[in-house]
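Engineer: These are the residues of each chain, in order.
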Amino acid sequence: MLIYNRSNLLPALVSSKVYQQLEFLAVGSWWIYDKTTFKKIPSSREDVVNDQSIDLRAKRNVMRFLQLAASPESHLAAIEEHGSEPFPAYLQSQFKISEQLQVTLLALTMSPNLPSNTLTSNALTNIHRHLTSVGLFGPGFGAVIPKWGGLAEVAQVACRAGAVGGGVYVLGRGIENTETTSDKEHEHDDEDAEPMIQIRLTDGEKIKSKAVGGSSYDLPVEQQDIAEEVERVSRSISIISSPLDELFPPIAEGAPLPAAAVMVFPSGSLDGGETKEATMHAPVHLMVHTAESGECPAGQCIIYGHTATTTPSRPSLLSFAVSKLLESLTVQPQAQVIWSMQYQQCHPPSTTSKSPDNVFLCQDIFPSLVLEDDVLRDVRSIWESITEKDAKPPFMTFEDREGMDSGEKDDDGDEDIS
Amino acid sequence: MANRVQTGTRPGARFAQFKLVLLGESAVGKSSLVLRFVKDQFDDYRESTIGAAFLTQTISLDDTTTVKFEIWDTAGQERYKSLAPMYYRNANCAVVVYDITQASKMKKWLTYAQSSLDKAKSWVKELQRQANENIIIALAGNKADLVAAQPDKRAIQAADAEAYAREAGLLFFETSAKTADNVRDLFTAIAKKLPLDQAGPRGLGGRGGMGGRMGGTGVDLRPGESSATQGAGACNC
Ligand SMILES: Nc1nc2c(ncn2[C@@H]2O[C@H](COP(=O)(O)OP(=O)(O)OP(=O)(O)O)[C@@H](O)[C@H]2O)c(=O)[nH]1
Ligand SMILES: [Mg+2]
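Quick note, the sequences are listed as chains A and B, same order.
So the first sequence is residues 1 to 418, counted in the UniProt record's numbering.
So the second sequence is residues 1 to 237, counted in the UniProt record's numbering.
A couple of the hints might just be wrong.
What the hints assert, rightly or not - A few chain A residues facing chain B, derived, Cβ under 8 Å: (1) LEU9; (2) LEU10; (3) ALA12; (4) VAL14; (5) TYR19; (6) ALA26; (7) PHE95; (8) TRP148; (9) ALA152; (10) VAL154; (11) ARG160; (12) GLY166; (13) GLY167; (14) GLY213; (15) TYR217; (16) LEU219.
What the hints assert, rightly or not - A few chain A positions that, by computed beta-carbon distances, are all more than 12 Å from chain B: (17) LEU22; (18) LYS147; (19) VAL168; (20) SER209.
None of these hints come from the bench; they were simulated from the model.
Built from N, CA and C at the ideal position, the CB exists for glycine as well.
Produce the complete structure using the sequences and hints provided.
Structural biologist: This is the structure:
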């Protein structure tokens, strides 16, 4: 998953101080597949202007669209007016942008859907995020990935911070059930007694808490019969025998070295440009990470494949895409897949099932390509509900928790040595 | 694996930052060693660590080389054992501690009785199997002061531990957090063994005007405190 620089997660990592334990690497170029080769998507206005393959008139139209998409007000106004239209139709009717250039702009939306299912509201929101993310943390790049294996690293670091702060971890046990104690007798003892939740763990142990939070995997929630509506995503992981350096040109003067590249196969492009939506495959995305990510040995690279599963499903689509990528490169001898795996991920539609007071259910994270802001927004609303009765501490703002004893500051005065 | 090496302001100056984790049975003196190293203090009645503690300490190897340790002091009690991977993941170096006066915490007649050195050996094994490939491990036999005062208190012979350390490729020291004996030497020896020069041009490249902690190829998430940023609206299409 990539994280746009504008993501709400990044400031939260800074204010909570855990960013000090994390490392982020820059995502470099976006590439788009066309017939048999990949074309780099221009990464700046100058690149668009200098692109010989776009004629002058088309260029003006594209620039006009990009200006609108980058503007905080105009893009919202456009969403208001055209949000529910399919994005390609919107580009055609409002900007006279040709089909070929529509495909390029669709790639920037990171939409996993067929073009006609990609709504202008989502597309404009995502392109706006893409454009306004560039330059936030250095020239030329708009997204990052966590080093050492993705977002799990963020969870690890949060757990470490929690442990240092005195959090207690109980591993290998789940929640069997929760029950809000409502016996009135106790309330006589203490007028202000808050209702407590009784939690029975899977090993039978009982604990009490003021609040409980978790996803539908952690909490005992009633599952409706949802088999029909489940959305499926096919994913793959492939380790490649070569670092594929040609996918990682320098981003810009003074920018960090790129550690990831985004390869987009537009809908139908793997079938030689199939245009009938009924039989077209959805876009296929391959995220290529360098060994710098810590996810594979030096001298190799690792490719994460992602595509929404269409019906009829095509299990070999991702490995086909990987082989097309390797064929398109000039590296000699041709790079090989050393190891690979594939799997499908299911995502039940979000439930609106009501949970008892002080039991907070997080929405399941959709297995998408980009970390969406609603993940942390969800956490924030739970945080606010739980801290409501307290002094309402600002969200995710912590002091450095360094030292042997809680509360003690370790002042070794060694910051900023360089 | 020096994940954060950068050139300093002085020509030729080097600053590197490494993650260090301490492992070992409860009460062998992990926290005491850290407290000695970081604050030069000792406490006769330390409380057993809960979860973990995090500290930093910087040492100069020579006029131009500064090494900063980010230290994760783990809790040795058995019930925290499953948390350990959280701390040794991505660690560049580890200090595995045992107590040289402690043959076994359990009664000797129990056949499964383990000395704190046996426990240390099992940590070493786990690190070598699961931690960073190039992790530098030091073995520390702590509480040497007790043996200096009363030689019959020794339960583990230095020669045995040293032979084991050599075989397993570890640094080895007998230390005392109480008298500070060998504590600094231990951390200095680790710093000297860390691959300061391995960052190479890739590790040092493109660091522009970034200050502070980040090094390598990382992205600085606090742009306000580093180089000027391009405003929003910069185009990347
Ligand atoms: N005499 C002597 N006592 C020591 C030394 N190091 C630690 N101790 C004592 O041993 C006891 C345990 O030390 P800690 O540093 O808390 O041990 P620990 O390994 O951190 O233990 P956990 O946090 O439970 O894993 C304390 O009472 C210390 O004072 C030493 O070098 N010499
Ligand atoms: Mg301790």
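Engineer: None of the hints should be skipped; say for each whether it holds.
Structural biologist: Hints, verified against the model:
1. The beta carbon of A:LEU9 comes no nearer than 10 Å to any beta carbon in chain B, farther than 8 Å, and the hint placing it at the interface is violated.
2. A cut of 8 Å between beta carbons decides the hint on A:LEU10: the least distance to chain B is about 6 Å, and the hint holds.
3. Interface restraint check for A:ALA12: the shortest CB-CB distance to chain B comes to about 11 Å, outside 8 Å, so the restraint is violated.
4. For A:VAL14, the interface hint holds, the least distance from its beta-carbon to any beta-carbon of chain B being 5 Å, beneath 8 Å.
5. With a cut of 8 Å, the hint placing A:TYR19 at the interface with chain B holds, because the nearest CB-to-CB distance is about 5 Å.
6. Here the hint on A:ALA26 is kept, as its CB sits about 5 Å from the closest CB of chain B, short of 8 Å.
7. Here the hint on A:PHE95 is broken, as its CB sits about 13 Å from the closest CB of chain B, past 8 Å.
8. For A:TRP148, the interface hint holds, since its Cβ comes within 8 Å of a Cβ in chain B; the closest pair sits about 6 Å apart.
9. At a threshold of 8 Å, the smallest CB-CB gap from A:ALA152 to chain B is about 10 Å, leaving the interface hint violated.
10. Using the Cβ-Cβ criterion of 8 Å, the hint placing A:VAL154 at the interface with chain B is not satisfied: the shortest such distance is roughly 12 Å.
11. Of the supplied interface hints, the one on A:ARG160 holds, with its beta-carbon coming within about 6 Å of a beta-carbon of chain B, less than 8 Å.
12. Below 8 Å, beta-carbon pairs count as interface contacts, and A:GLY166 has one with chain B at about 7 Å; its hint therefore holds.
13. This hint holds: A:GLY167 has a C-beta 7 Å from the nearest C-beta of chain B, less than the 8 Å allowed.
14. A cut of 8 Å between beta carbons decides the hint on A:GLY213: the least distance to chain B is about 20 Å, and the hint is violated.
15. Checking A:TYR217 against chain B: minimum C-beta separation of about 20 Å lies over 8 Å; hint violated.
16. The criterion of a C-beta within 8 Å of any C-beta in chain B is not met by A:LEU219, whose closest approach is roughly 22 Å, and the hint is violated.
17. The beta carbon of A:LEU22 is not kept farther than 12 Å from every beta carbon of chain B, the shortest such distance being approximately 8 Å.
18. Its closest Cβ contact with chain B, about 7 Å, brings A:LYS147 to no more than 12 Å, contrary to its assignment away from the interface.
19. The non-interface label for A:VAL168 is inconsistent with chain B: the shortest C-beta to C-beta separation is roughly 8 Å, within 12 Å.
20. Residue-level check passed: A:SER209 sits 19 Å from the nearest beta carbon of chain B, beyond 12 Å.
When each numbered hint is compared with the structure, violations occur for hints 1, 3, 7, 9, 10, 14, 15, 16, 17, 18, 19.
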